[in-house]
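Visitor: Heads up: the sequence lines are chains A and B, in that order.
Using this note's numbering, the first residue of the first sequence is number 122, and each one after it goes up by one.
Using this note's numbering, the first residue of the second sequence is number -3, and each one after it goes up by one.
FYI, nobody ran anything at the bench for these hints, they're computed from the structure.
Yeah, the Cβ is synthetic: ideal placement off N, Cα and C, and Gly gets one too.
Check each hint, because a few of them may be wrong.
Covered stretches of chain A (chain B as the covering partner; in silico rule of three or more C-beta atoms under 8 Å from a C-beta of chain B) [what the hints assert, rightly or not]: (1) 136 to 146; (2) 183 to 193; (3) 223 to 232.
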Amino acid sequence: MPKRLRFAIGTGLIIAAIGYLIVAAVRNTAEYYLTVNEVKVRQGELAGQMLRVAGRVAPGSIGWDPITLTLSFGLAQPPPADQPGVKAVAASVGGGPIFHVICRGEPKPDMFAANRDVIVEGTLAADGTIEARQVLTSCPSKYVPKQPAPLNRE
Amino acid sequence: MPLIGTLALALALVLAGYSIIANVVGARASIPSLTASGRHALWAMCAMVTVAVGALWTSLLHSDFSLEYVASYTSFSLPTIYKITALWGGQQGSLLFWTWLLTIFTSIVAFQNRRRNPEMTPYALAVLAGIAIFFLGMLNFVTRPFELLAVVPADGQDLNPLLQNYWMAIHPPSLYTGYVSASVPFAFGAAALMVGRLDDSWIRSTRRWAIFSWFFLTLGNLFGARWAYEVLGWGGYWAWDPVENAAFMPWLVMTAYLHSVMIQERKDMLKVWNLVLIGMAFGLTLFGTFITRSGVISSVHSFTQSGLGPYFLTFLIAVVVLYTGLVLSRVKQLRTPAEFESYLSREAAFLFNNLVLVGIAFAVFWGTLFPVLSEAVRGVKITVGPPFFNKVNGPLALALIFLMGVGPLIAWRRSSFDSLAKTFAAPAIFGVTTGVCAFIAGLREWYVLTALSLGAFVLGTIVVEFRRGVSARRHMVGESVPVAIVNLIGKNNRRYGGYVIHIGVVLAFTGIVASAFFKTEVKKSVKQGDSFQVGPYELEYLGMNTTETAHVETARARVEVRRNGRPIAMMEPAKLFFKRLQQPATAVAIRSTPAADLYVVLAGIDDQSGLATFQVFLTPLVFWLWAGGVIMAMGTVIVMWPNVRERAVIAAAVRAPLPIEGDAQAVPGGD
Chain A
122 MPKRLRFAIG TGLIIAAIGY LIVAAVRNTA EYYLTVNEVK VRQGELAGQM
172 LRVAGRVAPG SIGWDPITLT LSFGLAQPPP ADQPGVKAVA ASVGGGPIFH
222 VICRGEPKPD MFAANRDVIV EGTLAADGTI EARQVLTSCP SKYVPKQPAP
272 LNRE
Chain B
-3 MPLIGTLALA LALVLAGYSI IANVVGARAS IPSLTASGRH ALWAMCAMVT
47 VAVGALWTSL LHSDFSLEYV ASYTSFSLPT IYKITALWGG QQGSLLFWTW
97 LLTIFTSIVA FQNRRRNPEM TPYALAVLAG IAIFFLGMLN FVTRPFELLA
147 VVPADGQDLN PLLQNYWMAI HPPSLYTGYV SASVPFAFGA AALMVGRLDD
197 SWIRSTRRWA IFSWFFLTLG NLFGARWAYE VLGWGGYWAW DPVENAAFMP
247 WLVMTAYLHS VMIQERKDML KVWNLVLIGM AFGLTLFGTF ITRSGVISSV
297 HSFTQSGLGP YFLTFLIAVV VLYTGLVLSR VKQLRTPAEF ESYLSREAAF
347 LFNNLVLVGI AFAVFWGTLF PVLSEAVRGV KITVGPPFFN KVNGPLALAL
397 IFLMGVGPLI AWRRSSFDSL AKTFAAPAIF GVTTGVCAFI AGLREWYVLT
447 ALSLGAFVLG TIVVEFRRGV SARRHMVGES VPVAIVNLIG KNNRRYGGYV
497 IHIGVVLAFT GIVASAFFKT EVKKSVKQGD SFQVGPYELE YLGMNTTETA
547 HVETARARVE VRRNGRPIAM MEPAKLFFKR LQQPATAVAI RSTPAADLYV
597 VLAGIDDQSG LATFQVFLTP LVFWLWAGGV IMAMGTVIVM WPNVRERAVI
647 AAAVRAPLPI EGDAQAVPGG D
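Start from the sequences, fold in the hints, and give me the full structure.
Guide: See below:
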């Protein structure tokens, strides 16, 4: 069946090409997605790398300069009871490591506030500061904001 | 109301169960009255779900906060239109809405096929009823829309302000309609496998359903993109977020399916492949719901994390296993003697188009699941963002556009180099000339140049096709050009409607490429009376108006836009504050022209300094993405338009006890 074989080879080549594209793109664009505690543990090896870090904005740490559009804040680990990124508002930040984040030249996101869960995209400097390219607040499609007690059953 | 709704859902579940038994037993034992009863049960099921939907809508409109759902997603001050759309604003409601659509479609299918497809229909209906049982089971036992609250709150919590937008009002219903109607061809594919009727009658009987599904998936994706563009205020419309990907993947697979079934109808090839594609399309609709509801994948749009994930996953696995088993059991009978003869043939072009489409779908799937996979394999979460998707899908999109030009015109079986040269010379020259002109005009990005050339090439092939058809009609019938064009489309709506869709795709693709490469962004904090430059425009911040209603506070900036010193527009970006939720939101001002969109965001107001921060995007040609979308939708309507000749063919095909041989006229394709 030479014809079938010829087509099998052609098909195989296309699949291989797509596979190659995927592998190459993963190699070039992958970023670690870590929590604050995980970054703390691997701080040495991560310095200088692109990261996405999920954490919570530490209260009392926010600095905002509207002229230079510079946002700075402390990024902390949410207490273990809450899943990061799900409930937008929670009462507290657990003790533990806090990373200083600076984001320059971007407007402050609408939902940005103390105790919000955010995802910071940026580079970890040697001194432990995260130079953020982007700060994403959990900008939920259909989340339930803050559930008062009688609603909270799931 | 809650009691009525709960009872109706319970009854619907019972009816769905009965219908499966009646249909299957009736078909096996050849008892027509029993299958008829099974069909009637489906209509009753639909009526019951309709009652439940009516009950929930009534409660929403009356702000009956004793219902958890009503209290969670609406408030007294919410505008009525969003009380109505709140039906699909939350989890239980959207599942109910999904189920409602499913039962409506099932009823229509039952009616359409009450005398057609006597062997397949009872099984197809049983499959649809089976899907309904899953959803009704969820609504009855897992996530109940009529759950009551122990303490009735004074006011509800309101709908998320980001969802209080007309695009969000129509985006979910479109997408759900697309998702749910994909289950009809799937059900018939499964039924064909069960009864062993392995010709293309399952495809023909559900062709319009498949196109209907594609139509709404297209609209759903576009509405979602438009919503992101207008509401989220970041100047873009697509971020390769898992939620978006979940809606995009079924569209890709459905597109592949719609193309490859033409090969089966015409050449009796790719039979297994088509069954696999429709299975994948259906599976991906479940998968999409699973990943957005389970919290397995963290998305910026985090949905409520809920207990639904495992149920959906279980159902998905069950569907995949059963369906794969069905396909495997028939694989031998599905073999065909027909084979591909040459790379230079329409069959081959369609095959490659399918490989590329499914390849893109796979890349999207892989990128979406990558964090989960990397965590499972390497113990560390690694994400891939938009750069990954753009890197992989960019080249594949070019290949797809190229095939879109080649596929419809190249000859079946094999094409000689002479005929290729004759057919494609003019469009190819047009494409290359466009690229060269763009280069001379100063464009240097190879990707953009290639995209423009290929787009022009595709448009060229379509023009050639229309010209050929029109001149044939003018010679044979003596019609004028406009009449000939209308008749050409009317008489061959599948083929020429398809070309219209392709024109829309080229325009949309051009808009996507231009906006991806040439978007400029300016961020500036200014005092009242200050102005700043964005591209050729000068923007002056004139002042701020604040207004307040019971529902929302608004701060609206007035920005005058000037070009060459002359005022051309007044733009009013705003910041909203939703009182009930204590949540701010952004209202973007967009000035759209075919050449470029000026997109102004009021990004912040600093009370101390009086500074207003603006973020302005100038995006060329993004207009054509939406215009292309409208043209795609119009083309799809042309394709779906009833065609008398085709009706006759389908009627003959589906009534015949044995598959009819030979060619159907309804197949698009040149000769």
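Visitor: For each hint, tell me whether it holds in the structure or not.
Guide: Hint-by-hint comparison with the structure:
Using a Cβ-Cβ cut-off of 8 Å, 6 residues of the segment 136 to 146 of chain A lie near chain B, which meets the minimum of three, so the contact claim holds. Residue count for the segment 183 to 193 of chain A with a Cβ under 8 Å from a Cβ of chain B: 3. That meets the three needed, and the coverage hint holds. Here's how the segment 223 to 232 of chain A fares: 6 of its residues keep a CB closer than 8 Å to some CB of chain B, so the rule of at least three is met and the hint holds.
Consistency with the previously given hints is maintained throughout, with no hint failing.
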